[in-house]
Structure formats: structure tokens, C-alpha cells
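Under our numbering, think of the first position of the sequence shown as 51, with each following residue one higher.
Since the hints were derived computationally from the structure, they do not count as laboratory data. Please note that the accuracy of each hint is not assured.
Simulated crosslink set (DSSO-like; lysine-lysine; CA at most 30 Å straight-line) [unchecked claim]:
id, residue 1, residue 2
1, Lys127, Lys93
2, Lys86, Lys140
3, Lys165, Lys60
4, Lys130, Lys60
5, Lys127, Lys77
6, Lys87, Lys130
7, Lys218, Lys140
8, Lys77, Lys60
9, Lys86, Lys122
10, Lys165, Lys93
11, Lys122, Lys87
12, Lys77, Lys122
Distance windows between CB atoms, simulated [what the hints assert, rightly or not]:
id, residue 1, residue 2, range
13, Leu79, Trp170, 33 to 43 Å
14, Glu126, Asn198, 35 to 45 Å
15, Pro123, Ala98, 40 to 50 Å
16, Leu79, Lys122, 30 to 40 Å
17, Arg202, Trp170, 41 to 51 Å
18, Arg180, Glu126, 17 to 27 Å
We put the beta carbon where it would ideally sit given N, CA and C, even for glycine.
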Amino acid sequence: KEIIVGAVDKRYDEAICILGWMLPQLKYLDNQWTVKKIEEFLKTECEAEWAVFISSYMFGNSFDPVGYNEMKPYYEKVLKNPTTRWDSIKLLVRHIGTAYILGVDGSENRGLFYKMIEPWDEETVVETIRLFSSQYYGGLKPKGNAENPVIRRILDFWRMLDEHMSSKNNLS
Numbered sequence: 051k052e053i054i055v056g057a058v059d060k061r062y063d064e065a066i067c068i069l070g071w072m073l074p075q076l077k078y079l080d081n082q083w084t085v086k087k088i089e090e091f092l093k094t095e096c097e098a099e100w101a102v103f104i105s106s107y108m109f110g111n112s113f114d115p116v117g118y119n120e121m122k123p124y125y126e127k128v129l130k131n132p133t134t135r136w137d138s139i140k141l142l143v144r145h146i147g148t149a150y151i152l153g154v155d156g157s158e159n160r161g162l163f164y165k166m167i168e169p170w171d172e173e174t175v176v177e178t179i180r181l182f183s184s185q186y187y188g189g190l191k192p193k194g195n196a197e198n199p200v201i202r203r204i205l206d207f208w209r210m211l212d213e214h215m216s217s218k219n220n221l222s
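Just need the whole structure built from these sequences, with the hints factored in.
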């Protein structure tokens with residue numbers, strides 16, 4: 051831990067990458083220090099450091115339903131940053147889209163999924179469709195009818211997309 055602490059304090063890119071990538075493990079080892087460091091990265095003015103941290107976190111970790119609410123401000127910062135790289139957007143869609151599909155973030159509270167999807171940029175919509183239709187969910191493959199919560203959320207997304215496309219095509 052001392053090696054990582056020293057390297058992160060000196061702001062070495064590799065250490066910041068490890069902080070993001072190993073975040074759940076580091077929280078387990080020293081939650082107080084880790085939370086303090088990630089809060090510093092949320093407030094940082096250095097976009098390069100921020101990008102290294104959040105990209106490493108999203109790349110190195112699958113969706114965590116327990117830690118999702120804690121990571122929301124970080125996901126939101128990625129959404130608000132117009133210079134976010136496309137590979138980070140793909141990872142963000144995977145994390146936020148999974149939260150939506152599992153009901154951790156969604157239609158009941160107009161969560162981050164809606165903030166992510168409502169600009170209706172093509173890349174985000176296509177990546178969301180790809181996520182929802184992929185084998186990504188393995189054991190979550192929905193069976194049954196529209197009463198299944200996973201199917202209901204996917205259908206809600208398709209309805210939103212249809213409404214958006216209909217309003218866009220009916221300009222008078």
C-alpha cells in the first residue's frame with residue numbers, strides 16, 4: 051500500500067491508473083484513504099488525471115450494484131465533460147446501462163441513464179442498443195413477457211427511442 055500511496059501522492063499516471071483499476075480492492079484495504087483520494091480526483095482541474103482515473107476504473111471493473119450510488123458523481127462528471135473520449139463513453143454506457151437494466155438506476159427516478167440517453171447522440175444510442183441486445187447479460191437473459199422487469203426496461207427504452215424518432219420526423 052505504501053508504494054501506491056507514495057506514487058498516487060506524486061500524481062504518477064501509472065499510480066492513478068492503478069487507483070482506478072484496483073479501486074474496490076483498495077477500498078477494502080483502506081476505505082478512508084481511498085475515498086479521500088477519489089474525492090480529490092472528482093475535484094481536480096487536471097482533466098488528464100481525471101480521465102486516467104475514471105477510464106481505468108470503468109475498464110478494470112464490471113458494474114457494481116453496491117458501489118453504483120457512490121460512483122454516480124464520477125459517472126456524471128464523465129457525462130458532463132464534452133471532451134470525453136469515445137472509448138470512455140462505451141464503458142460508461144456499459145456501467146450506466148447495466149444499472150438501468152437491473153433497476154438500480156432508472157425510470158422511476160429519472161436517473162443517470164436518462165441524462166446519458168436524452169441528448170440522443172447516435173454513438174450513445176447505438177452503444178446502448180448493442181449493450182441491451184448483446185450476450186453481455188448471460189444469466190440475465192430475460193424470459194417471459196413484459197412483466198419481467200428486465201424486459202420492461204428494455205421496452206421502455208425502445209418506446210423512448212420511438213417517441214424521439216417520431217417527434218424528429220414529424221417536424222412541421
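Verification of the hints:
no.: 1; hint: Lys127 with Lys93; result: 10 Å, holds
no.: 2; hint: Lys86 with Lys140; result: 27 Å, holds
no.: 3; hint: Lys165 with Lys60; result: 34 Å, violated
no.: 4; hint: Lys130 with Lys60; result: 27 Å, holds
no.: 5; hint: Lys127 with Lys77; result: 21 Å, holds
no.: 6; hint: Lys87 with Lys130; result: 21 Å, holds
no.: 7; hint: Lys218 with Lys140; result: 25 Å, holds
no.: 8; hint: Lys77 with Lys60; result: 20 Å, holds
no.: 9; hint: Lys86 with Lys122; result: 16 Å, holds
no.: 10; hint: Lys165 with Lys93; result: 21 Å, holds
no.: 11; hint: Lys122 with Lys87; result: 16 Å, holds
no.: 12; hint: Lys77 with Lys122; result: 16 Å, holds
no.: 13; hint: Leu79 with Trp170: 33 to 43 Å; result: 42 Å, holds
no.: 14; hint: Glu126 with Asn198: 35 to 45 Å; result: 29 Å, violated
no.: 15; hint: Pro123 with Ala98: 40 to 50 Å; result: 19 Å, violated
no.: 16; hint: Leu79 with Lys122: 30 to 40 Å; result: 23 Å, violated
no.: 17; hint: Arg202 with Trp170: 41 to 51 Å; result: 21 Å, violated
no.: 18; hint: Arg180 with Glu126: 17 to 27 Å; result: 22 Å, holds
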